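Which chain is which? The protein sequence lines are G and X, in order. Reminder that position 232 of the first sequence reads as 232 in this note's numbering, one-by-one numbering, no gaps. Heads up, this note's numbering is the position in the second sequence plus 459, with the first residue counted as 1.
What the hints contain is simulated information worked out from the structure, not anything from laboratory work. Hints should not be assumed to be uniformly reliable.
Claimed, not checked - No farther apart than 27 angstroms at their CA atoms in a straight line, the calculated lysine-lysine pairs in the DSSO-like style are these:
no., chain 1, residue 1, chain 2, residue 2
1, G, Lys-165, X, Lys-735
2, G, Lys-165, X, Lys-624
3, X, Lys-818, G, Lys-284
4, G, Lys-165, G, Lys-121
5, G, Lys-351, X, Lys-624
6, G, Lys-423, G, Lys-378
7, X, Lys-722, G, Lys-263
8, G, Lys-263, X, Lys-818
9, G, Lys-156, X, Lys-646
Said to hold, decoys possible - To spell it out: a stretch of chain X is covered by chain G in this simulated footprint if at least three of its residues, at any positions, have a beta carbon under 8 angstroms from a beta carbon of chain G; those stretches are:
no., stretch
10, 509 to 515
11, 569 to 583
12, 666 to 675
This structure is a prediction, so every number in the text was calculated from the model and none was measured. Note that CB positions come from ideal geometry on N, CA and C, so glycine has one too.
2 protein chains.
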Amino acid sequence: MEKNSATLLETIKVLLAEKKYKTLRDILTTLNPYDIAVIFEELMDEKTALLFRMLPKELAAETFVEMDEDTQEMLIHGFSDSELKEIVDELYLDDAVDIIEEMPANVVRRILKQADPVTRKTINELLNYPEDSAGSIMTTEYVTLRPEMTVEEAIKRIRRTGIDKETIYTCYVTDSNRQLIGIISIKTLLLAKDDEETVSELMETNVLSVNTLDDQEFVAHTFNNYNFLALPVVDKENRLVGIVTIDDAMDVMEEETTEDIQKMAAITPNDKPYMKLGVFELFKSRIPWLFLLMISATFTGMIITSFEDALASMVVLSSFFPMLMDTGGNSGSQASVTVIRALSLEEVEFKDIFKVIWKEIRVSVLCGVTLATANFAKIMLVDKMLLGNNSITIPVAFVVCLTMVVTVFFAKIIGCSLPMVAKKLGFDPAVMASPFITTIVDAISLAVYFWFATVMLGL
Amino acid sequence: MEKNSATLLETIKVLLAEKKYKTLRDILTTLNPYDIAVIFEELMDEKTALLFRMLPKELAAETFVEMDEDTQEMLIHGFSDSELKEIVDELYLDDAVDIIEEMPANVVRRILKQADPVTRKTINELLNYPEDSAGSIMTTEYVTLRPEMTVEEAIKRIRRTGIDKETIYTCYVTDSNRQLIGIISIKTLLLAKDDEETVSELMETNVLSVNTLDDQEFVAHTFNNYNFLALPVVDKENRLVGIVTIDDAMDVMEEETTEDIQKMAAITPNDKPYMKLGVFELFKSRIPWLFLLMISATFTGMIITSFEDALASMVVLSSFFPMLMDTGGNSGSQASVTVIRALSLEEVEFKDIFKVIWKEIRVSVLCGVTLATANFAKIMLVDKMLLGNNSITIPVAFVVCLTMVVTVFFAKIIGCSLPMVAKKLGFDPAVMASPFITTIVDAISLAVYFWFATVMLGL
Numbered sequence: 001m002e003k004n005s006a007t008l009l010e011t012i013k014v015l016l017a018e019k020k021y022k023t024l025r026d027i028l029t030t031l032n033p034y035d036i037a038v039i040f041e042e043l044m045d046e047k048t049a050l051l052f053r054m055l056p057k058e059l060a061a062e063t064f065v066e067m068d069e070d071t072q073e074m075l076i077h078g079f080s081d082s083e084l085k086e087i088v089d090e091l092y093l094d095d096a097v098d099i100i101e102e103m104p105a106n107v108v109r110r111i112l113k114q115a116d117p118v119t120r121k122t123i124n125e126l127l128n129y130p131e132d133s134a135g136s137i138m139t140t141e142y143v144t145l146r147p148e149m150t151v152e153e154a155i156k157r158i159r160r161t162g163i164d165k166e167t168i169y170t171c172y173v174t175d176s177n178r179q180l181i182g183i184i185s186i187k188t189l190l191l192a193k194d195d196e197e198t199v200s201e202l203m204e205t206n207v208l209s210v211n212t213l214d215d216q217e218f219v220a221h222t223f224n225n226y227n228f229l230a231l232p233v234v235d236k237e238n239r240l241v242g243i244v245t246i247d248d249a250m251d252v253m254e255e256e257t258t259e260d261i262q263k264m265a266a267i268t269p270n271d272k273p274y275m276k277l278g279v280f281e282l283f284k285s286r287i288p289w290l291f292l293l294m295i296s297a298t299f300t301g302m303i304i305t306s307f308e309d310a311l312a313s314m315v316v317l318s319s320f321f322p323m324l325m326d327t328g329g330n331s332g333s334q335a336s337v338t339v340i341r342a343l344s345l346e347e348v349e350f351k352d353i354f355k356v357i358w359k360e361i362r363v364s365v366l367c368g369v370t371l372a373t374a375n376f377a378k379i380m381l382v383d384k385m386l387l388g389n390n391s392i393t394i395p396v397a398f399v400v401c402l403t404m405v406v407t408v409f410f411a412k413i414i415g416c417s418l419p420m421v422a423k424k425l426g427f428d429p430a431v432m433a434s435p436f437i438t439t440i441v442d443a444i445s446l447a448v449y450f451w452f453a454t455v456m457l458g459l
Numbered sequence: 460m461e462k463n464s465a466t467l468l469e470t471i472k473v474l475l476a477e478k479k480y481k482t483l484r485d486i487l488t489t490l491n492p493y494d495i496a497v498i499f500e501e502l503m504d505e506k507t508a509l510l511f512r513m514l515p516k517e518l519a520a521e522t523f524v525e526m527d528e529d530t531q532e533m534l535i536h537g538f539s540d541s542e543l544k545e546i547v548d549e550l551y552l553d554d555a556v557d558i559i560e561e562m563p564a565n566v567v568r569r570i571l572k573q574a575d576p577v578t579r580k581t582i583n584e585l586l587n588y589p590e591d592s593a594g595s596i597m598t599t600e601y602v603t604l605r606p607e608m609t610v611e612e613a614i615k616r617i618r619r620t621g622i623d624k625e626t627i628y629t630c631y632v633t634d635s636n637r638q639l640i641g642i643i644s645i646k647t648l649l650l651a652k653d654d655e656e657t658v659s660e661l662m663e664t665n666v667l668s669v670n671t672l673d674d675q676e677f678v679a680h681t682f683n684n685y686n687f688l689a690l691p692v693v694d695k696e697n698r699l700v701g702i703v704t705i706d707d708a709m710d711v712m713e714e715e716t717t718e719d720i721q722k723m724a725a726i727t728p729n730d731k732p733y734m735k736l737g738v739f740e741l742f743k744s745r746i747p748w749l750f751l752l753m754i755s756a757t758f759t760g761m762i763i764t765s766f767e768d769a770l771a772s773m774v775v776l777s778s779f780f781p782m783l784m785d786t787g788g789n790s791g792s793q794a795s796v797t798v799i800r801a802l803s804l805e806e807v808e809f810k811d812i813f814k815v816i817w818k819e820i821r822v823s824v825l826c827g828v829t830l831a832t833a834n835f836a837k838i839m840l841v842d843k844m845l846l847g848n849n850s851i852t853i854p855v856a857f858v859v860c861l862t863m864v865v866t867v868f869f870a871k872i873i874g875c876s877l878p879m880v881a882k883k884l885g886f887d888p889a890v891m892a893s894p895f896i897t898t899i900v901d902a903i904s905l906a907v908y909f910w911f912a913t914v915m916l917g918l
């Protein structure tokens, strides 16, 4: 894919330079909207507008949706009012809303001015739904049927009205109050044995729907669990107001996963692609957490300071800091990341917390003892005998390895339980990932280390 | 959702105890396959088989697919041969293959024995595709049309043969050699203005297809970029052999993301849900990385050992270890995780490496200087003046802060470039995430720290 579009880009540049516009038009009309969008983004100059005008109306609208917002904005600035109107008319309403949400105010005004009154009203309604709600990602262009229609009438209606609908594959059956009473797939209609059967006889009445204010992540999960192609969205009175299609649900899934991953790495989420992010934007999304975690880490430093005298008499102890801290951090983040993902896939709920902790306790003992044993052997054989470090004694090795076991133990327990508690309290569990856990586990690990050292080495 | 199924479960338990089977059947037939599967998994006893037998054939098959493998296996053991045959006949082939892949050999033999010879042959062929390939997730049940068919003939054919197909929404046009020459959606057919138009006039000839041996992750990305509902799979001779539907692509996306997240947290990937994983399985997926990273961390310890004398004369230096190491680790993992995600979403390619490094250099200078300035103020005001730590001097604070700038600088550069280099060399970039980067950055950070301390504090 990538390879192909790269070579094609070169061809197009040459053809553009040679002004072979007919050939260019022929090439572009054979391509998918996504591939054209990639080419336009790479060109990113006044010639994009030239090429864009060559596209047939429908392909132009589909390509417009696939482009990034910078290219979209550049094109809109170059459009005449009538060109803009053509594109707006051709767009599906949910796509139009997505585009409008990313544009500066003056562009938004121009777009809305060109839309016909009904479209403008609907766009304004859709813009009013809270960000990340089902309402904000739904489309209002779907096929409705009445329960009393026969299969033949229903298929006729679909063939007559389907052209502007985002999907015709699932049709929605409503009563006279616009209440959703059933769904029926076009597969059911087409495969029905008798054309005189009615929609109400064939429709599925146990309909899963989401509310306009439901979180878009919940909507995406519902798609994943039930294998739907579209999901109806109803208002508080159970009236059908829109549908979410599976392509939008997939986008939400990807977006939410990226957000989770960013949070787990202590980054304030940002939905722009990396290459489009400015240096200052990256700085702003990273510095708050670095700052917070730097301050937290000074508490660990204070533990060291308070044992400064003990440490001065046995400096060798400090050479094990990195190993103890890193192992603790890694053990904790293994547990926290596993649990965060399981929470987000709804494999684990808060009521499982004791089962989870009990499981992690057993895993931590297995891991801790294995690591400590290997470590004891390594300290005695490599550090002491091979490298001849005379400050290392059996009691020192013993203190290090015992600390290791205790550190892994606490790391796993804290790692698995903090995200679950965070979710229960209404916070985002992803924020409780590695960096946060590492800071806490560091402090515990060093405190335990010094305590063992004081008691067992008599410092 | 979750709430509802919990209460329903109680109702069902009570009804089971009271042996009200008719009521139970009525309840079950109103539910979605996924919801029934959740209830069966929760029950997990001999009564599940009783309830399962109440389901109408089609619903039974759909529910069977949604259940976890333990429940599936338990049910199969209870089935008579004819019951097993009924289920196998009703399953879509790709679902049957998914189930067979998870079953022990004796169960596989029983299933294959019950399948009719044609089905058995196809299942065996599908089982032969490498794991994670397009071939392994495709289905062979799709609608094919001939180019010379009229719209009317095509619709008739779909209505006649569609019943067993996994999707009828995209139809595949093949020539007499089974070569794929076009696709046509049922929407296009139904909305065609003239019933006498031919498929070849209406079909899309610029068809994106994948090869049987393509990686399933590539397949999932293609869905995401192009908003398809199904994607054709061809063999080396470009003959159509199957299709992948969007629900399977969504599962792949979720599975691959979980794998990436696990690798980033230094866990060997495992696709079982957390609550189904045994303690020893968790141990096995975690211990290798913990062990490797523990060994690597001892190199950092060796750096400390080699500066032991310098450290003995100025123990206060060690109290800044945690802050320097944690800030370095966090800075590095911010960069690495961002780049790993961008690579996996195909937002960044290897050819961008110098752009990426240059961007990270600028971000690292901004972050490093900000953190160092804040840290200098904090050391002088809090540690020295407020807490009265007399070992802290302006040169010491200066050494710490300068180390901070250099550490953040290297952390960001290593963090962003290692995953890109790993991908270029054919390794998985996700493995180059936080734990790995942390270990390297720790060592650099302490080496720089001691070097500055030796030079500037004259140790």
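Do the hints match the structure? See the list:
no.	hint	verdict
1	G:Lys-165 with X:Lys-735	violated (43 angstroms)
2	G:Lys-165 with X:Lys-624	holds (24 angstroms)
3	X:Lys-818 with G:Lys-284	holds (14 angstroms)
4	G:Lys-165 with G:Lys-121	holds (18 angstroms)
5	G:Lys-351 with X:Lys-624	violated (41 angstroms)
6	G:Lys-423 with G:Lys-378	violated (41 angstroms)
7	X:Lys-722 with G:Lys-263	holds (16 angstroms)
8	G:Lys-263 with X:Lys-818	holds (21 angstroms)
9	G:Lys-156 with X:Lys-646	holds (13 angstroms)
10	509 to 515	violated (count 0)
11	569 to 583	violated (count 0)
12	666 to 675	violated (count 1)
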